[in-house]
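> Given next are the chains, with one letter for each unit.
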Amino acid sequence: MSFINTLMNGEQAAFKPDTQTSMQKIALRFVVVGLIYYGFAVIEGMIMRIYQIEPIPAIPPDQFFGIMTAHPLVGIFGSTYSIVFGAFLFLVPFLMKKPIWSVKMANWSFLMIAIGTMVFWLAGFITHYAPLYTLYWPLPADFDQFGPVGGAIFITGIALVMVGAVLFVINIFKTIMYTPEGWEKQPAGALLGSALGVSGLKNLFKKRKEEHLVSLPVAAIARGTVDVALNSGIILFTGVLILVYMVAAIFGHSLEHSAIDALLYKNWFWWGLDLVADGLVLIFVAGTWYLLASLITGKKIFMENIARAALLLELVVSWTVWSHHLMSDQAQPGFLKVFSGEMVTAFELITQGLAFFIVLATLWSARPLKMTNPLKFLLGGLLGFALAVPAGIMQADLGLNRILHNTQWIIGPHVHVAILVGLTMTLYSAIYILFPILTNGGKLYSQKLANFHFWAHLIGGIGMGAFMGMAGLKGMLRRTIYFEGEFNIYMILAGICGALLLFAFLAFFYNIVMSVGVNGVLGIFKPSKFETREATPAE
Amino acid sequence: MVDTQVVLNGQTIAYTAYTLAIISLMVWFSVIVTKKGKSSKVSTGLFYTWVGFLVVLGVSLHIATAHTIPWKPLDLHRADIKADKVFDISVENHTFHLPADTLYIDVNDLALFKVTSNDLTYGFGLFARDNSMLCQMQVVPGHMNDLLWQFVKPGIYTIRSTEYSGPLGIQMIEKDVVVVR
Numbered sequence: 016m017s018f019i020n021t022l023m024n025g026e027q028a029a030f031k032p033d034t035q036t037s038m039q040k041i042a043l044r045f046v047v048v049g050l051i052y053y054g055f056a057v058i059e060g061m062i063m064r065i066y067q068i069e070p071i072p073a074i075p076p077d078q079f080f081g082i083m084t085a086h087p088l089v090g091i092f093g094s095t096y097s098i099v100f101g102a103f104l105f106l107v108p109f110l111m112k113k114p115i116w117s118v119k120m121a122n123w124s125f126l127m128i129a130i131g132t133m134v135f136w137l138a139g140f141i142t143h144y145a146p147l148y149t150l151y152w153p154l155p156a157d158f159d160q161f162g163p164v165g166g167a168i169f170i171t172g173i174a175l176v177m178v179g180a181v182l183f184v185i186n187i188f189k190t191i192m193y194t195p196e197g198w199e200k201q202p203a204g205a206l207l208g209s210a211l212g213v214s215g216l217k218n219l220f221k222k223r224k225e226e227h228l229v230s231l232p233v234a235a236i237a238r239g240t241v242d243v244a245l246n247s248g249i250i251l252f253t254g255v256l257i258l259v260y261m262v263a264a265i266f267g268h269s270l271e272h273s274a275i276d277a278l279l280y281k282n283w284f285w286w287g288l289d290l291v292a293d294g295l296v297l298i299f300v301a302g303t304w305y306l307l308a309s310l311i312t313g314k315k316i317f318m319e320n321i322a323r324a325a326l327l328l329e330l331v332v333s334w335t336v337w338s339h340h341l342m343s344d345q346a347q348p349g350f351l352k353v354f355s356g357e358m359v360t361a362f363e364l365i366t367q368g369l370a371f372f373i374v375l376a377t378l379w380s381a382r383p384l385k386m387t388n389p390l391k392f393l394l395g396g397l398l399g400f401a402l403a404v405p406a407g408i409m410q411a412d413l414g415l416n417r418i419l420h421n422t423q424w425i426i427g428p429h430v431h432v433a434i435l436v437g438l439t440m441t442l443y444s445a446i447y448i449l450f451p452i453l454t455n456g457g458k459l460y461s462q463k464l465a466n467f468h469f470w471a472h473l474i475g476g477i478g479m480g481a482f483m484g485m486a487g488l489k490g491m492l493r494r495t496i497y498f499e500g501e502f503n504i505y506m507i508l509a510g511i512c513g514a515l516l517l518f519a520f521l522a523f524f525y526n527i528v529m530s531v532g533v534n535g536v537l538g539i540f541k542p543s544k545f546e547t548r549e550a551t552p553a554e
Numbered sequence: 137m138v139d140t141q142v143v144l145n146g147q148t149i150a151y152t153a154y155t156l157a158i159i160s161l162m163v164w165f166s167v168i169v170t171k172k173g174k175s176s177k178v179s180t181g182l183f184y185t186w187v188g189f190l191v192v193l194g195v196s197l198h199i200a201t202a203h204t205i206p207w208k209p210l211d212l213h214r215a216d217i218k219a220d221k222v223f224d225i226s227v228e229n230h231t232f233h234l235p236a237d238t239l240y241i242d243v244n245d246l247a248l249f250k251v252t253s254n255d256l257t258y259g260f261g262l263f264a265r266d267n268s269m270l271c272q273m274q275v276v277p278g279h280m281n282d283l284l285w286q287f288v289k290p291g292i293y294t295i296r297s298t299e300y301s302g303p304l305g306i307q308m309i310e311k312d313v314v315v316v317r
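In order, the protein sequence lines correspond to chains A and B. Remember, the working numbering sits 15 above the position in the first sequence when you count from 1. Remember, the working numbering sits 136 above the position in the second sequence when you count from 1.
Bound conformation, chain A alone (with noise of 0.2 Å):
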């Protein structure tokens, strides 16, 4: 075949949209607009690297924390919901073989979201609105810095990717719970129950073990979405009190800033976001690994019932670990800087620790494996927590967060290193095993270009975050500007780190539209032949 030809058709032409159901679709579209968005903060961070090594004089400070404010959040929001909310709402269904409760709500999920992060990142790129994702108060209200025209369209922007993340919500509990048309009546307290670990919390005292309703990724898949719920339910509510300083100052009137005390505040917004960093991030990983190391093995889950425990004590444990953020806050109760932030987050040591160990055993019952894409990309997957969780811990610590809360440390072989190589390897992973399921046979372009993928995104993630944290340990901080090249060293060398990871991700990107065809592409985007809310075409 030409190369007009694949860039066209795809790989043997073997990829063909029109033979898709609508929630095929539906998830090609997710991780389409999720790896164009996963494009947008590799460009972002990028040129922050370049910025930490020399500033560039064509970006203005303002400008450069609106970059960073965009950042995390069309990293999460944009990219990573999407990626994740497109596979999940296919493989709810999926997995328990019953079409999904709405097709149009997954729609509307996946609108929502696109549109919410293009929303609030032309507010930033445009306005350089720049209170930074963890929005202290009252920084987002500061209107002498900020404009609260621009922070408005922002604050919206960012309401309605979480609208669609509710909807999303919706969606997965209720196709796990209703009764579709002509089937017998499901049991819909017992499937709920089972999904979120009430059933097996029960058989821990019971004689007679009732057995699991749902399998273990759906129920890990459920219990992330509990996080996804409080949430956005965190956010939403956050967003709506600065929209009202903001509607305030927009009609001339001032509101003062001292009526929300800015300690509760910090506690109240870093639980909600303590539910994505370590809930639904952490318990959609170990989930995802588990069905990986299912389809890659085709055996059962090495103490399944443990890992069932385990997702629902690391849920409990999402919900009273964000303390850890507030150590350095003087005011914050001692009692919970101790009990929050060090004792129950050590607890995500166990947890994770725990998955991190079921999944090698269950691979290792299964060998000799092949070394395939999802396997190597599983394995890089579980590298990357297993490398960021203890850094996070030590970080966790009274006596480290005193010389170490906002360096470079804590963004580079924590955040970065988790979220990149831990988080992003394991979607990888996911994607190159669903990418035949989705496609209905569609063929890989290039295995050469999945290798340097591999290596490169590995070795890129795995430097950046080290020597960002070698030059946190230095003392550079994060959330600032060097203008003396103080770390240069460092700096130079994660560049050289980013650098591969951009390479890497336009190999990959490269890579899946030779595979599936610029018709392909265009073609998801296109409605479904098909009545059914099925995941996959009838035999």
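Please keep in mind that the hints were generated in silico from the structure rather than gathered at the bench. Any given hint could turn out to be false.
[Claimed, not checked] Straight line, CA to CA, 25 Å or less: simulated DMTMM-like cross-link-like pairs of lysine to aspartate or glutamate:
(1) B:K250 with A:E199
(2) B:K311 with A:D77
(3) B:K177 with A:E226
(4) B:K289 with B:E310
(5) B:K311 with A:E59
(6) B:K311 with A:E501
(7) A:K385 with A:E319
(8) B:K177 with A:E319
(9) B:K174 with A:E319
(10) A:K489 with B:D266
(11) A:K489 with B:E310
(12) B:K311 with A:E319
(13) B:K289 with A:E501
(14) A:K489 with B:D139
[Said to hold, decoys possible] A few chain A residues that face chain B, going by a derived Cβ cut-off under 8 Å, partial list only:
(15) F158
(16) S343
(17) A346
The model shown is predicted, which means the values in this text are computed figures rather than measured ones. A virtual CB, placed ideally from N, CA and C, is assigned to each residue, including glycine.
Take the given structure of chain A and dock chain B to it, following the hints.
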């Protein structure tokens, strides 16, 4: 005497060793899991040993630091400890207002920095001339933010905001204003 640099050096060694060990383990696993051989089940005994190891590791880190990092107990009990020197500092409009042009501290003295913000959330950190950080805290408006620190070596330190407070915050640097003699 244990100071910031000693703790950071210890952390660097421990985390580097751990990093090398876990990367080696994953490389070994990747090779062995694809090699020809008979598949075998992992014993549950090994699993529970691993669980026990994680519990011990998670708890022992905090117990170890409580006994080896001097500022950890100092911080938790600072309300009951009398400082040798107290400095009242306020922050407003992205500017630190210090009680004197230079803050002098004697070696081994306990110094208490009481920092209040009249508008935004800021940070308060002390940095050596090589840009390394000695210690820091958050400065939250409407609350007393106090940091008790024992200076064990002579030195000259810069005060810098360690928290983002908008683009104007990048200029919040008071160079060489803390002198420990």
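> Each hint: holds or not?
Now the hints, each set against the structure:
1. B:K250 with A:E199: Given pair K250 (chain B), E199 (chain A) is violated - Cα atoms ~68 Å apart, limit 25 Å.
2. B:K311 with A:D77: 23 Å, holds
3. B:K177 with A:E226: Distance ~24 Å between K177 (chain B) and E226 (chain A) Cα, so the pair holds.
4. B:K289 with B:E310: 20 Å, holds
5. B:K311 with A:E59: Not OK: K311 (chain B) and E59 (chain A) at ~32 Å, beyond 25 Å, violated.
6. B:K311 with A:E501: Satisfied, since the Cα-Cα distance of roughly 15 Å is no more than 25 Å.
7. A:K385 with A:E319: 24 Å, holds
8. B:K177 with A:E319: Given pair K177 (chain B), E319 (chain A) holds - Cα atoms ~14 Å apart, limit 25 Å.
9. B:K174 with A:E319: 23 Å, holds
10. A:K489 with B:D266: Within the cut-off at roughly 8 Å; holds.
11. A:K489 with B:E310: Cα-Cα ~19 Å, so holds.
12. B:K311 with A:E319: Answer violated: K311 (chain B) to E319 (chain A) is near 58 Å, above 25 Å.
13. B:K289 with A:E501: Roughly 23 Å between the alpha carbons, so the hint for K289 (chain B) and E501 (chain A) holds.
14. A:K489 with B:D139: 14 Å, holds
15. F158: 11 Å, violated
16. S343: 5 Å, holds
17. A346: 4 Å, holds
Violated hints, listed in ascending order, are 1, 5, 12, 15; each of the other numbered hints is respected by the structure.
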